[in-house]
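Chemist: So the sequences go chain by chain: C and V. Mapping to numbering that gives the first Met the number 0: the first sequence position 218 is 217, numbers consecutive. Mapping to numbering that gives the first Met the number 0: the second sequence position 348 is 347, numbers consecutive.
Since the hints were derived computationally from the structure, they do not count as laboratory data. Please note that the accuracy of each hint is not assured.
For identical chains, the list gives no copy identity; a pair is met inside one copy or between any two copies.
[Stated by the list, open to error] Only pairs whose alpha carbons sit at most 27 Å apart, straight line, appear in this in silico DSSO-like list of lysine-lysine:
no. : residue 1 : residue 2
1   : Lys69     : Lys133
2   : Lys470    : Lys315
3   : Lys215    : Lys68
4   : Lys218    : Lys41
5   : Lys68     : Lys36
Protein chains: 2
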Amino acid sequence: MPPLLPSHSAVSRVTAVIPTLTRSATTSAGTAVTPNKPPPSKDHYVHTYSPEAFPLGYSVSSTHAGIKKKSGALDLGILVSTSDTPTSAAACMTRNVFKAAPVTVTSELLRSSNGRARGFIINSGCANAVTGKKGLEDAWSMSKSTTSQLPPSDAKESDAGTLVMSTGVIGQHLPISSILEKIPGLIQTLDDSPKSWLDLSKSFMTTDTFPKLRAKTFKLGDRLVRLVGIDKGAGMIAPSMGPPQPPHATLLGVIATDAAIHPEDLQNALNYAVDRSFNNITVDGDMSTNDTILCLANGAAGSTDHQGRETAEKMKELTENENPQEFAIFKEQLREFAEELAQLVVRDGEGATKFVTICVKNAPTYEVANAVAKSVANSSLFKTAMYGEDANWGRILCAVGYTPLSPNPISPTSVSVSFLPPSSSSNTEPLRLLTNGEPEANIDEARASELLKEEDLEIEIDLGDGKEEAKVWTCDFSHEYVTINGSYRS
Amino acid sequence: MPPLLPSHSAVSRVTAVIPTLTRSATTSAGTAVTPNKPPPSKDHYVHTYSPEAFPLGYSVSSTHAGIKKKSGALDLGILVSTSDTPTSAAACMTRNVFKAAPVTVTSELLRSSNGRARGFIINSGCANAVTGKKGLEDAWSMSKSTTSQLPPSDAKESDAGTLVMSTGVIGQHLPISSILEKIPGLIQTLDDSPKSWLDLSKSFMTTDTFPKLRAKTFKLGDRLVRLVGIDKGAGMIAPSMGPPQPPHATLLGVIATDAAIHPEDLQNALNYAVDRSFNNITVDGDMSTNDTILCLANGAAGSTDHQGRETAEKMKELTENENPQEFAIFKEQLREFAEELAQLVVRDGEGATKFVTICVKNAPTYEVANAVAKSVANSSLFKTAMYGEDANWGRILCAVGYTPLSPNPISPTSVSVSFLPPSSSSNTEPLRLLTNGEPEANIDEARASELLKEEDLEIEIDLGDGKEEAKVWTCDFSHEYVTINGSYRS
């Protein structure tokens, strides 16, 4: 399929399209942006970027619409592609039977537009899930109201709409009139400053303790392209997401790039990346009704710079068929970036004090490796032991043993388990606990305790029968998790 | 198969068989037996029985073998059938790939004896799981040492051995020499007093806060028969147990009866009962390496009374084929008794403050109903909400929606959810939350809060498509759960 190639430069139009575009931050390159007080232990996960770090051709804004109870808390945000080329859009969404209204609406929008979008609107504080017909009407209103108030697009994508995401309490209706009232203001204040990006990431937050924003620049051919990613956790995290047809989402995330990628190929690349990142994290084993990862590619890269000056010819939409090498680079960069974003959610898992990597190797298939790693990662007993810094590796074995596999290819006498020390450690030897189903005679409990005091833990499970490997990332299970979730609605 | 019928009365021999049988408690019928201080809130779950309540032809004893750290804590016990008729034995054991050594040994003993046993030996404090060859040797030693020291049996069951159960930490070796040293003393002090039964139930305990002992008498034909049941939880509870061939099993339990049931039929009745009781409880979703429910039937009923006087002809071994009506009564009594014992484990779930019944009705199949109920019962978010007495029913729906079913027959628009009030409540109307996928317009939150303050909660999920029903029992997820399991080995 030939890529669509509009003939005009995009960014020079930005100030016209966005009425009151405030570009203050773009003039203060490198200014540190301070988020709303994350706890000191999490502070280093909040990264700040200079304006050049963000993809070209996107503007964002956010506000308080009264969905969250806390006065002034950001709970409504929008992102709009300002590129004059059509924006490709792809999504991976929850496989939960009870799909939230925004999941259904976003799926339909992507189908009817053949994978094109103007941008998205997101709210936090209310998931608009299990809300019946009114919920669906509300999600459509959010989308349509935003699209109708955007200035006409030069990209000539009549079907391209505004995708919708919601996160928060299930089974309650959105305060839809408050939301609709805020949309004109959001559009008025659209902007591409680092502060606005960070604020957008705050509007994703529910029980998250820090905003999750990442940016990355890499070379695609001789052209620099950029990725920006936002996501949120921090509970009901055990995603299993597939492409939206048939529609199948409260992990929410978005990755936007100024590369140009054909929609079908963008979906394929996103499926690949999500299967190896977001679908391999778990906080509590609860697969949400709202999990959604959006991916937008507006093709604004390289044609202009951050000051809106023309710098190069427009990028053509990549397809895997026509540009296998460049596509492979994009796909791998997307996977790596998705992995980084996914891990941030685990870093901020509700009540989490540990970041645990479960690596299962020498498995007969990837699926077996993945299922075993998830079985351990979801075990409450394993997770509480990690919280207690207790080298109770028997619980690891127990969870390996009850992995629901049929037929079950695991041979107990082939399984070996080790704690892996952090790469910064002076002793990089793995601490072997079990070899071929036999416990090690003299486990160095002192070293085990020392390893367990680290924030980052890594467990290696060798099934001893095959060549395949999978990694899953999880966190521990703490008193704080119970506190947070015992009174989520209060 | 014709039942084996030895010709002699059993109980008159008991004092001869058991050298120093102390029968003090049998002379103090109805005397209350005080356990080791359960918390006041759990005290009423400790039942006491008069000597007549226990099945005839069994003797028990227990001791401290130093497996548990606490000085004097009972951690080793035995039960021996003193009947001179062969004792049928059946077991349902874990399906975890890593079967603990005692599970393997018990399976082999039952296979080689065609379902006969002399009794069992149990230890708590160490699970003897994932302990390799030495673990297997230790389990065999426990069994063989006990059997070899028992007086010869009139029942002429040369192959009948002593079954083995262990519970506690995984991956550590038993202090086998301390255990073996204690066996002669255990045999010396065998006894059938209420205190000894209660002590045996204490020797099962790990994180349990109260001993779990139940007894029941019912009529089978014109004969009174008795059941005694002991079990223990309280974590790593999500059993999935099947018959021991092929061998599959830290839920431990035993049900002993003085009815006479053929071994194959006893196994069938136990499978039926366990599938509808122990396999339908969950504390934390962790299926143990050691789960075992034993069932013993020694046929001592009715031939003698508790004072050893002959009262009737010996009972013939029941089979389903030859005695369908009586067998049906036995099977249903066993199921009901197993349900009571299974619920006790949930009552004492680690850190539990709530007892929650999940009833799924109008499902297309029992398997669907059961899978949906378990999905909700295992949801950490649901369980923390119950702990917090938060009517966050969205989490119920969420867990219904991610039940792993393929194909998935659940239609979101057919699902209804209610809180059921306790039977003691003045308002017995269900509190409807969701009808056919639509949330109720004005949920009475005050009544929801009131219902959630009860210790016993019941949730009804109507799938609206079918006739099948399943019940699953679970508890909430509390701070105390995390405390208990964060430092289990310390």
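Chemist: Confirm or reject each hint.
Modeler: Quick rundown of the hints versus the structure:
1. Proximity of Lys69 and Lys133 under a CA criterion of 27 Å is satisfied intra-copy only: 25 Å inside one chain copy versus 60 Å between copies.
2. Within a single copy, Lys470 and Lys315 get their C-alpha atoms no closer than 35 Å, and across copies no closer than 58 Å, so neither meets the 27 Å cut-off.
3. Within a single copy, Lys215 and Lys68 get their C-alpha atoms no closer than 34 Å, and across copies no closer than 55 Å, so neither meets the 27 Å cut-off.
4. When the C-alpha separation of Lys218 and Lys41 is checked against a cutoff of 27 Å, the pair qualifies neither within a copy, at 31 Å, nor between copies, at 66 Å.
5. Proximity of Lys68 to Lys36 under the C-alpha cut-off of 27 Å is restricted to the intra-copy arrangement: shortest distance 18 Å within a copy versus 45 Å between copies.
In summary, the structure is inconsistent with hints 2, 3, 4 from the numbered list given earlier, while agreeing with the others.
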